[in-house]
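**Q** Each protein sequence line maps, in turn, to chains A, B, C and D.
Residue numbers for the first sequence follow UniProt numbering, so the first one is 1 and each next one is one higher.
Residue numbers for the second sequence follow UniProt numbering, so the first one is 1 and each next one is one higher.
Residue numbers for the third sequence follow UniProt numbering, so the first one is 1 and each next one is one higher.
Residue numbers for the fourth sequence follow UniProt numbering, so the first one is 1 and each next one is one higher.
FYI, nobody ran anything at the bench for these hints, they're computed from the structure.
Fair warning: there could be bad hints in the mix.
Any copy, or any two copies together, can satisfy a pair, since identical chains are not distinguished.
Stated by the list, open to error - Straight-line Cα separation of at most 30 angstroms, BS3-like style, residue types lysine-lysine; simulated pairs:
#, residue 1, residue 2
1, LYS31, LYS203
2, LYS15, LYS45
3, LYS262, LYS340
4, LYS294, LYS149
5, LYS203, LYS262
6, LYS45, LYS73
7, LYS45, LYS340
8, LYS311, LYS45
9, LYS59, LYS149
10, LYS149, LYS31
11, LYS59, LYS31
Protein chains: 4
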Amino acid sequence: MDLTSRRDLLVILSKDPYGPDHDAVARFAVKVAEAAQRDSETLRKVEARLRLALTPRYKHLLTSISRQNEGVKMLADMRADLLATPEGTLPLGPDAKELAEVLRDLLSEWFSVGLLHLQRVTWSSPCDLLEKISQYEAVHRIRHWTDIKRRVGPNRRCFVFTHPAMPGEPLVVLHVKLAPEISDNIQSIVRGLEIDEEPEDPKRLFAAVFYSISSSHPGLRGVELGTFLIRSVVHEIQTEFPSINVFSSISPIPGFCRWLVKFLPSAPHLNALELSPTPSPQILTATESSQLQKLSTRLPLETLRDIAQGKGDWVRNEELVAALRAPLMRLASWYLYGEKLRGRAFDAVANFHLRNGASIWRLNWLADNSAQGLKTSCGLMVNYRYNLAVVEDRSVGYLQHNRVEASEQILRLVAEYQALSEL
Amino acid sequence: MDLTSRRDLLVILSKDPYGPDHDAVARFAVKVAEAAQRDSETLRKVEARLRLALTPRYKHLLTSISRQNEGVKMLADMRADLLATPEGTLPLGPDAKELAEVLRDLLSEWFSVGLLHLQRVTWSSPCDLLEKISQYEAVHRIRHWTDIKRRVGPNRRCFVFTHPAMPGEPLVVLHVKLAPEISDNIQSIVRGLEIDEEPEDPKRLFAAVFYSISSSHPGLRGVELGTFLIRSVVHEIQTEFPSINVFSSISPIPGFCRWLVKFLPSAPHLNALELSPTPSPQILTATESSQLQKLSTRLPLETLRDIAQGKGDWVRNEELVAALRAPLMRLASWYLYGEKLRGRAFDAVANFHLRNGASIWRLNWLADNSAQGLKTSCGLMVNYRYNLAVVEDRSVGYLQHNRVEASEQILRLVAEYQALSEL
Amino acid sequence: MDLTSRRDLLVILSKDPYGPDHDAVARFAVKVAEAAQRDSETLRKVEARLRLALTPRYKHLLTSISRQNEGVKMLADMRADLLATPEGTLPLGPDAKELAEVLRDLLSEWFSVGLLHLQRVTWSSPCDLLEKISQYEAVHRIRHWTDIKRRVGPNRRCFVFTHPAMPGEPLVVLHVKLAPEISDNIQSIVRGLEIDEEPEDPKRLFAAVFYSISSSHPGLRGVELGTFLIRSVVHEIQTEFPSINVFSSISPIPGFCRWLVKFLPSAPHLNALELSPTPSPQILTATESSQLQKLSTRLPLETLRDIAQGKGDWVRNEELVAALRAPLMRLASWYLYGEKLRGRAFDAVANFHLRNGASIWRLNWLADNSAQGLKTSCGLMVNYRYNLAVVEDRSVGYLQHNRVEASEQILRLVAEYQALSEL
Amino acid sequence: MDLTSRRDLLVILSKDPYGPDHDAVARFAVKVAEAAQRDSETLRKVEARLRLALTPRYKHLLTSISRQNEGVKMLADMRADLLATPEGTLPLGPDAKELAEVLRDLLSEWFSVGLLHLQRVTWSSPCDLLEKISQYEAVHRIRHWTDIKRRVGPNRRCFVFTHPAMPGEPLVVLHVKLAPEISDNIQSIVRGLEIDEEPEDPKRLFAAVFYSISSSHPGLRGVELGTFLIRSVVHEIQTEFPSINVFSSISPIPGFCRWLVKFLPSAPHLNALELSPTPSPQILTATESSQLQKLSTRLPLETLRDIAQGKGDWVRNEELVAALRAPLMRLASWYLYGEKLRGRAFDAVANFHLRNGASIWRLNWLADNSAQGLKTSCGLMVNYRYNLAVVEDRSVGYLQHNRVEASEQILRLVAEYQALSEL
């Protein structure tokens, strides 16, 4: 059965007569409204019946499936089918959306932390597990067996969460590099011939850098696993290496270029701006602008736009690189710190780490010069740092008050951005 | 903290402001009633908010607890506290009842079969597991280590369900005797010096007799585990012994004596009956009545009542035993087959096995002559037999249509009872 | 087959034509003697053939047996049969002795430490393992399951060595008590109602006392296992409790009373001695002698002899206990420190611990008032102490130079004994 | 330390004063010769001392090493060093040879079957184990991870022996193909794109073909492991697939070409032979000779020699292939069946399987057309078949009476060879 047929089936399941009993809901809603005056015993009884009517009738089926062998995996697959939006398909209707949510709630309940099993992956782990980890790696593709062997070798750690309901399946994977200090680029970690074979020397290891976190199953999107994994791993590493007390990610800024393209004034307007005596005050300083002007036949903002669209091979042009550094760092800092979606960080990865209680610690220039890294983040990467003493407070501060912690470097760059844009 | 304090705390938790938000319920109930006319998108949104309002606010807390180490066990303990009714305590109010039900639903969800782990217990199993099994045995008390050693020895099997959320805890225990045929008494299984040490001879083993099934944790009452365990064990035994194709329990009739005491006419009325020319037509035949009269200074029905109340040492009086056999077998058959509670078997053990898809197969006289057995079941035991080919159908037939399967022996005894009572 | 038949069979196996080929030995011995003059190549060839002729022909059979399932256990059982000396049987002839030695050498080779597996036994260990440990306990009998439960409970440790060739079999068992200081008696450890249930408090634990070490299989006598076990356990305990740095045994003196009976002058001579003006100068001081005289109708040395023979209930007589303390402590110290067999300690337990590198640290009065303890050791026990820094040196010192380390207490008592006996 | 230094050290260890005490040997040899007349007690004592003198003094050191962690592996490595004969090194002297033999005997004792652990390797086995198996494969090189994945996939089995003394080390590896019938070539098994992914269908599987057996550690050469592995695997496969009752290898003939080159008359003689009227009667028939003549400018026996030396690309020349088939099959049959070394099969692989109790069952033409296969075996392979009912008898028949079982095909080819050579 192909995806379309499976989706059709799920849409049928989500509707009458398998969904909630809307007639009964209406009936008991009226009774509840009437009973609100009466004694609590009666009220509770009517409420219970209303609650039952609101429970989709397919929920019983889902529970039955979960009790079968591999049943939970089947439900996760069902949810993945619902969330997949193959080209040419219509968006989900309200009933199918409800089904997807019911599935998410059930899966969240089962994948409670009490049953998640933290497992360190080594070169002695089962081959099929390592093969899956290779395949699931979303952030930095794994190409060969030597890649994955390095990732579980000395000065590295790889941890997964597994769950008894989906045996042998790594639900979420975290790759960690142990190092003297927080890494400022990804090349040295995932590419090249960096000699990791030197034995682990606890006396030289002070930092643990999370350089990739991947959730393996699309049906578990929105089921919170990564947060717990990071905290568990921090605990494991501190137990093994009491000397390591600095924990940080080295993360991409996946939405930066897309945002920048939209943020830059559109072409006609851009031309006008650039030709004016004080060109693009809010984006480039005069010095920056004139430097860029000298290095290209294009207008400065056009150059920026080209770069944000992944055009050209600017990264090999040393002068251009030098000229771009200041404005791109400033813009990226603002993007991370200032751009919001319903009060939260607009960037998905930033939002993930801030929710976990991390701070925005350092922006790194030329930190990912892969094609992908240049195209999505202009080669920038950011360290989100986990300060264990305050991680819980910061998480609450962010989730409840949208408070974002950032380092001096970030705050200074943001201030520069604001100063410039208020000219 | 003692039980009373813990219950007080749970009652507080079950009420405002931790329970359902009744005001919001009332508010959204009105809106749902209004929206019933409108388009489905709007309706679903209001329904979703109503559903949320009906969800007790403490449910979030319960889920958080479940995620802690040993959290699920703590929730089961909480439910056990709610269900315990120590002397002098008031019965649960509607809110606390609701909390107990929410807990049951959550526990049922977690203890889904997909995660239950069937484990055979042997003399090589951990000591603490065997100790717990000894302590939890509800049906036939285990006194010494030799008792439990025999129960896991040759020609026996002992299986438990464990669950990753409560490691090391046997949630439900099933004791099985392998034998040439279905046992007709419990003495030979759990008491005396029966030589179990003879090696297992698959050529002589045709029947598996379930002689004890105990649920270990009071907080899991109502969370269906026993049914799954019996089916899994049947599967295991058939795999190990293809020759074994007869599966049956040997079960007590825990409610029989209590029911009989109530069923017999009360004292004054009883006197009148006995003195009348056709005494107690519906209970004893004339022959039975006169035989009992000869063997006791008491009136026949008084003798029955005494026995049902556990008085006297009738089981050592061979004549009395012979005279009682026919009436007690007849009455017990009726009790098992004919006495109902909301359409289901009145006897809890009968209801358990019928729900599982078993039939009432054989009533056994003098099958449990322990003090406990005589007091609750007049020494009777019953075999519920599992015919695998039809077990699923019978379970459905019973659950949906209250249909009860019984053997010829049972049906004949029931017919005799009916013939007599319609005199 | 009973023991006698089995032994008969083994005797046959040990002789021609299954033993060494004595004719070939003689033949090649002559050739070796001749070849000694010649070049090394020829010599080595003749030596190789002589070596082969000297190898019992049954050795190939033994190796074949070892390769079968449970074969190693069978060989250990064979050796146990040879070493058993049931009443009425003749002692082993030279060939059977040789077979026993070949078996010991083979078993020693297999039970090399590389394959011995140190296992901590807890209440979660398999029941059959705990049952075997109970049965094998040679030093202080285990009576009930509560006994063995206590021995694996808090403030105790129980370790065994197992070996893949004899799975599930505890080859040697060591029981340890964790305490604030070295125990001076065994009662408080293995008897009574001492509350071990108080949780382990590393802040109050400084000493580990080995209170029982038992080798389980009689066929492994002489195969050194106990030494390795003690060293491994010391390592384990130090890893778990860095605070514990005192390690000692609390050991019986199994040969003391038997030795004392022989040591005391025989009856007639004894009479003469006692009646002389300076009675028994080498055994009792004048004061001791007169004190004992007052407390008994028997002569002082007769009293000593009675006690060494386990007669009377002297331990309840406080005055007698007080009068005996000094002479028995002095004699026991001498027995432990001064009595030798081929240069080594005469007492088997002393020899075991001294070989391991321990010192004789403290003699304890009224330390084992069980019937067994009074009969064999006059109620005395001794602590052999393991000082890890020097344990290796001391072991070598003892094995190569018969050097014995003892504490000041022991040396003072020995000096008293010597002073007295040289009067 | 490099190999040469390590070997130098071992040579020192093997000599005085660490080897056998030759002086003492000579001394006790004389005494034994004298004692041969006397009573057995004395004789045995002198024999015991002689045996001790013959035992190399380094044996105690070796045993001590074996007791260390990884000690057994170290001894196997030592033996590997002794057996290695790097270019330019002298062959081992008699003492070093003796050391190598003592090591082999010790290793044989430890690697007794009782402790060998049969383990099935699957794609869920540890990565490092699969990596080692890839590296150790001696018969058909494994190139990629997909190769090794196929080897543990459906319709295949891979088994290893491991031993507790060398944890994680596959001592000997056996690769098996499950198929409808015995394979007649290796290409279809280890090369190409053969679809193994079709699910296992027990109804179509009747044969198990051992297509590669590799001993992993050079220090264990001569320690018999492969025989036990084949028998254990036969047992495993029969348990899993009762339908499979044909067991056979598909094996190379590693010494065939080398033997053939030597067997063919040398060049000048060869010329003379070929030019004579009845050329090479014992090697080619007249027809074969003239056919080969037609197909090459070289003389027929020169052609054979070229092929045996791996020259030319004859396998692509269909006519040549057709003309060579009869003579090469005949010669190879004779080589396998008739060529002997001390009464045993000259070919090492043939000797291995015949010792195990197999028969020479089928010779296969063009069965291994890899460069290696053509060069060593002229592309031929042979099936050694294991008939379980008689495998034990055949092994004894071969080992004790040099009896070789062969199929009709082989015997017919051998008869043809004999008829021809006796012309």
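**Q** Take the hints in turn and mark each one as holding or not.
**A** Tested hints:
1. Within a single copy, LYS31 and LYS203 get their C-alpha atoms no closer than 71 angstroms, and across copies no closer than 64 angstroms, so neither meets the 30 angstroms cut-off.
2. Proximity of LYS15 to LYS45 under the C-alpha cut-off of 30 angstroms is found in both arrangements, the shortest distances being 27 angstroms within a copy and 15 angstroms between copies.
3. For the homomeric pair LYS262 and LYS340, the shortest alpha-carbon distance inside one copy (15 angstroms) is at most 30 angstroms, but the shortest distance between copies (73 angstroms) is not.
4. Taking identical chains as interchangeable, the C-alpha atoms of LYS294 and LYS149 are never at most 30 angstroms apart, the minima being 47 angstroms within one chain and 57 angstroms between chains.
5. For the homomeric pair LYS203 and LYS262, neither the shortest alpha-carbon distance inside one copy (48 angstroms) nor that between copies (64 angstroms) is at most 30 angstroms.
6. For a Cα distance limit of 30 angstroms, the shortest separation of LYS45 from LYS73 across copies, 29 angstroms, qualifies, whereas the shortest one inside one copy, 36 angstroms, does not.
7. For a Cα distance limit of 30 angstroms, the shortest separation of LYS45 from LYS340 across copies, 25 angstroms, qualifies, whereas the shortest one inside one copy, 44 angstroms, does not.
8. In this assembly of identical chains, the alpha carbons of LYS311 and LYS45 never lie at most 30 angstroms apart, being 66 angstroms within a copy and 45 angstroms across copies at closest.
9. Taking the closest pair of Cα atoms, LYS59 and LYS149 never come within 30 angstroms of each other, the shortest separation being 43 angstroms inside a single copy and 40 angstroms across copies.
10. In this homomeric assembly, LYS149 and LYS31 never come within 30 angstroms of each other (Cα to Cα): the closest approach is 64 angstroms inside a single copy and 59 angstroms across copies.
11. Taking CA atoms no more than 30 angstroms apart as the test, LYS59 paired with LYS31 passes in both settings, with 24 angstroms inside one copy and 25 angstroms between copies.
Of the hints listed earlier, those the structure fails to meet are numbers 1, 4, 5, 8, 9 and 10, in rising order.
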